[in-house]
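Fit chain B to the given chain A structure using the hints.
Number of protein chains: 2
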Amino acid sequence: MPMNRPAPQDVRSITCIGGGVIGAGWAAGFLAKGYDVVVQDINAEAEGQMRRIIDSAWISLEVMGLAEGASRDRVRFTTDLDDAVSNADFVQESGPERVDIKQDMYAAMDAAMPNDVVIASSTSGLLMSHIQAKSGNPSRMVLGHPFNPPYLMPLVEVVGGKQTDDSAVDWACDFYRVAGKHALKMDREVLGHIADRLQQAMWNEIVYMVDADEATPEQIDDSIIYGFGPRLAIMGYCLLFHLAGGQGGMRHFLKHFDPSVSDDWTRLPSPPITDELVEKFAAGAVRLQGDRSVEELQQLRDEALVGFLQHFNKVNGKGAA
Amino acid sequence: MPMNRPAPQDVRSITCIGGGVIGAGWAAGFLAKGYDVVVQDINAEAEGQMRRIIDSAWISLEVMGLAEGASRDRVRFTTDLDDAVSNADFVQESGPERVDIKQDMYAAMDAAMPNDVVIASSTSGLLMSHIQAKSGNPSRMVLGHPFNPPYLMPLVEVVGGKQTDDSAVDWACDFYRVAGKHALKMDREVLGHIADRLQQAMWNEIVYMVDADEATPEQIDDSIIYGFGPRLAIMGYCLLFHLAGGQGGMRHFLKHFDPSVSDDWTRLPSPPITDELVEKFAAGAVRLQGDRSVEELQQLRDEALVGFLQHFNKVNGKGAA
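Line by line, the protein sequences are chains A and B.
As numbered in this note's numbering, residues 8 to 328 make up the first sequence, in order.
As numbered in this note's numbering, residues 8 to 328 make up the second sequence, in order.
Next comes chain A alone, as it looks inside the complex (with noise of 0.2 Å):
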């Protein structure tokens, strides 16, 4: 039974555990959102690290529009775990990847903790099944991922470990949501979770090319900016590829897209598209288009485009090469 949990809309102080890029860059996001924060670092010289990112963050914040009475000050500094955990309604762990680590702070935020007070951590690379091992109650540690920088960027995955109890992915789900994040409960653990899966496939494709010197890092860039990157800031994959199915939408771009063709095309081979494997795409996307047409589909992508490409044209020259 949940004890000391406070609703999700009623949480008004925050740990963060970690002064660096992440933790920190959550503490200046919750700031924007009206909470009290606390900044748990064993390192003191931490602190002044922090601060540098929460001002740098802010600037950002503001342009997005801050919580009424959301303020800079209301950050507190410390290097006590126990001091840091003790009164928090909610705990975001942003501390080194190393599971002996984690395992141990762990085990010493829940010894200081009401009972189901709930611990989300940052963790990129673990999985929470293996951070709670050491738990006395391990049910309230769940997993929540951020993507960089924490302070903008909606997405955070959720899921939990072996030993996590259902209602606390719930809970964090909910109050990732009222904080203003985009929480995506995943259905299982998966070392990388999900985006990040993405990211290392694409990632370890470039540096086959570059060492095969197939394409400089320039040229790689260059192809992701002025190509495949705006739309996916409006569209993932799967609606994207069910629009260029047409009007057979995903189904006939799985089977029209010959693996054989497209094995090529990079170093990791294809599974083998399945009947079963074409079914769950092809559902997948029916639940992705909703009531809206192709043609509606297509429309509102180059709509976006257009916007995203009128704002490009003003920061280019800048941030593009």
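Quick caveat, the hints were computed from the structure, so don't treat them as lab data.
Any given hint could turn out to be false.
Because identical chains cannot be distinguished in the list, a pair is counted as satisfied if it fits within a single copy or across any two copies.
Stated by the list, open to error - Once the Cα atoms are required to be at most 30 Å apart in a straight line, the calculated DSS-like pairs of lysine-lysine come out as:
1) K141 - K321
2) K40 - K321
3) K169 - K141
4) K192 - K321
5) K192 - K169
6) K262 - K287
7) K169 - K287
8) K141 - K40
9) K262 - K40
10) K287 - K192
11) K169 - K321
12) K262 - K169
13) K40 - K287
14) K40 - K192
Relative to the frame of chain A, chain B by itself:
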């Protein structure tokens, strides 16, 4: 010696081979820049489809801004290949993706055209070295691969085949730039070129994840749209990971990022990170960074992201799920 090849800025009449999504998309973009355009397709019924694609694209092209004198009335349709190409200043071919069909088509165009007018192929999956194999004057044939939708996206990947003259590649790059595109000159032919190889690696990882029930199509798309997608509209991975390396930049990032960890994040294993490879990336990152500090670039990234996210919030609930 080039004969009958106009200077890139003197091109007036362009022939687009193929009246499908790509061919008609090219035609729309060229019309918006004020060119006369001939569209050829062996299927007479393609004319109606071509005009619908141009009409749909025109809505966005008007917002982006038309060149003086630009008009949809300046397109002519024909089923006759000789008629289509005989007076062209430039040919953009977007026919079927079959090497035997393209070889015959290029030989026929070659015979009907003045010696040195450049012919560019939109092919995604074939190499120009194969396409040009049956032509008498292959030296003026290049790859000019666009990104969908070709009337909006700036990217055109340009490279010659084995028999292509360097002057044709340079001419094509110059012409595309005059026509408002971002010409990305490649150093060598590779199947899938650059952007599609990167997309294919990511798509294959997506297919594996859906197959293994690690993620649904909706979860995949959410992870892109709310996560790394918006970033890729601003900077490519090489510059982004250079920033992720902090003051140590790309060199620190590559050495710090243990490949044995990341190999578990994708089915595509990473290549060995040799010192030589680190230097290739580090030199490229330095060129991408130019004379800007890491802090300047981070601030620029955030400023651009704020603009994109504000636009995204407007289209959200329509494009995004």
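Can you list which hints this structure breaks, lowest number first? 1, 8, 9, 11, 12 and 13
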